[in-house]
Amino acid sequence: MTPTEKNRPAPGNRLDKPLTPKRSRLEEFWALFRKNRLAIAGLIIFILFFATALAGLFLTSGQNPVFDPAQIRLQEKLRPPMAKANLNSLYPADVPRLGIYLFGTDDLGRDVFARMLQGAWVSLTVGFVAVGISVFIGIFMGGIAGYFGQILLKMDHILISGLMVAGIAFMVTDWVLPGILFFILAVVFLLYTVRAKKNARNLAKPAGSGFLEINAFSIDTLIMRIVDIMICFPSFFLILTVVALLPASIYNIMIVIGLTSWMGATRFVRAEFLSLREQDFVAAAKALGVGNLRIIFRHMMPNAIAPVLVSATIGIASAILTEAGLSFLGFGVPPPHATWGNIISDGKRFIFDAPWLTFIPGIAILVVVLSFNLFGEGLRDALNPKLRERH
Amino acid sequence: MLSFIGRSFVQKIITLIFVSIVSFLIIHLAPGKPSQADPLNPKFTPEMVERFRQAFHLDKPLHVQFFYFYRDLFSGRTVSWKDNRSVLAKIWERFLNSLPLFIVGTILTWTLSFPAGIRSAIFRGRLYDRTTTFLSYLLISIPGFFFAYILIIFVVTRFQVPVIGMETFGLSNAAWPNMIMDRIWHLLLPSFLGAAGGIAVLSRYVRSQMLEVEGQDYVRTARAKGLPPDQVHYKHALRNALLPFVTMFGLILPGLIGGSVIIESIFSWPGMGRMAYEAILARDYPVILTVNFVSAVLVLIGTFISDLLYMLVDPRIRL
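As given, the protein sequences belong to chains E and W, one line each in that order. Heads up: the first sequence is residues 611 to 1001, going by my numbering. Heads up: the second sequence is residues 113 to 431, going by my numbering.
In isolation and in its complexed conformation, chain E is listed as follows (with noise of 0.2 angstroms):
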């Protein structure tokens, strides 16, 4: 018998093994998106951003690097893009390493090659980081609302969370003791009220107990309102606020860029969340008597998480743009570490003489955040399911 005869099911017996569908869903999706040339470009110059911020972080970083973004050179300033290093009037120990000033030179005589490379780390790290929190903030809050989002809150919840907030709010300002105050008071009524729940029949309710039982709202008003809250602010200038009060550091830039655009992707969550909760395989599921945090990552999730990929990607473009733009505005990562926005910034004021420096780092910012915003919308039209089915 030959092998293919053995793989090749008897005609009576088909049934016996499953059915897959002929090609697997990441196979379907390759094949819709590979269609797309803007979107290919888009993810080829990202993989490509990808290495070279990779390499940037090794070849600018340590005590003696290869490109060295920080090294003055001030007889060489504002030289052009391919310049020769003038070795006469340079230290040995200076020279550039090519030789050549790939990208020029700024108006301190620094490579601006170099600097390039320090930048795409830090645009791609503020990019990713930024972006994770939102993602894992969007999720979390999405998914509670959505999976969770029917229970009732009652009454003694609120008090609880309310003295609680309140104590911390007064021991954050300057006010401790009757922060603590409120803080016990809390931890007390909650001790009180597991107790009470507990032995609910044995335990006689004392008068007036009875409001406490009141349900007041569901979670999923609770979080939509917190949503609608968010949206309120105008983002980039309160952005702008938070990292002018804090002081200077890439750290403070991606959490409050992180802190302040989650309010899609928990929408997005919600969204899909109320309606897969409601079909045939997690009603399977609960029946057979999984957990709800099984149900939520291993079954919801993988079906959820689609528009989350798609807003997560044009996310990271904005956030790279956010960040370019808090650095021209002279509030991004503290001086001597260079980023493309603070190179244009710094560069702005060389313009007609030394047009390389306003335009090498605009045009980096341009192609990458391209590439993602191109990639992105590539990939949404690949995983919707409507265009999915007309191919």
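These are calculated hints, taken from the structure and not from any lab test. Hints may be right or wrong, so weigh each one.
[What the hints assert, rightly or not] Which residues of chain E face chain W? A partial, calculated answer using Cβ under 10 angstroms:
hint : residue
1    : F793
2    : A796
3    : R835
4    : L856
5    : S859
6    : I961
7    : L984
None of these values were measured; they are calculated from a predicted model. Note that CB positions come from ideal geometry on N, CA and C, so glycine has one too.
Position chain W against the provided structure of chain E, taking the given hints into account.
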């Protein structure tokens, strides 16, 4: 209808209260004190700082400060810490400067993106569609400040007209046609830059909306009974595709106070964005908080109007 209005009104008031609390806390709990804004200034003696703290209630506990601030805001007595002028008068003055930018920008957005979006939906997959698609991605992706510099270099070297500021300095007694042309040149670039992202996003949205309607059965029927293509596109399809955009009239309202910080600082335009930026730099808390509050109010009013419009234009929607 009435119950919807009442319910959303109450909801919006509650949201507004929380927004005001959160923004107040963010500003006041951030490290650094407004009274230390300028420690190197020799006029800033400890007695001065103490007087400053007392005059603006900074020595009071936080919740008292909160109460004082919003009492002053609602009675219109809030003053800027920087120059002691009324905050509302300051905002009004800057608002009038930003208004032309907003109006021209909105007109540009709505007049450019609709024809572009509709045409690229009609010519789907053809060269025109692919070009506009790529152009709109380009407009979304380009950093505003970089685009601004490209346009400034282009306009200044090609047309030899000054574009920085609201008008050319020293031109106040020129003939009025010159003055008007001067103002228009100064207005055009920043408002186009402010509108660029909006044009791109809106034209994509118009395209997808139009495509969805073009796939409906009644459009196919109209085509099948032999109507001329223009009538099918512009009479049958477009009218229904326009429905969601009516609601967007509400959503442009927050743009009134937005004012792009970056564009306004590049063009030295004394608008809202610049004022907010300067207030942040000077730690002028009343101005920051008032701008924040007003913009939150505008966002809430905008969503309210768009909900109402949605109900009016689409009888299928019941909120």
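Evaluated hints:
Interface restraint check for F793(E): the shortest CB-CB distance to chain W comes to about 17 angstroms, outside 10 angstroms, so the restraint is violated. Taking 10 angstroms as the C-beta contact cut-off toward chain W, the hint placing A796(E) at the interface is violated, the least distance being around 18 angstroms. Evaluation of the R835(E) hint against chain W yields a held restraint, the C-beta minimum of about 7 angstroms falling below 10 angstroms. Proximity of L856(E) to chain W holds as hinted, the smallest CB-CB distance being about 6 angstroms (cut-off 10 angstroms).
Residue-level restraint check for S859(E) is violated (minimum Cβ-Cβ distance to chain W is 12 angstroms; threshold 10 angstroms). Among the interface hints, the one on I961(E) holds; its C-beta lies about 6 angstroms from the nearest C-beta in chain W, closer than the 10 angstroms criterion. The beta carbon of L984(E) comes within 6 angstroms of a beta carbon in chain W, closer than 10 angstroms, and the hint placing it at the interface holds.
Violated hints, in rising order: 1, 2, 5; the structure is consistent with all others.
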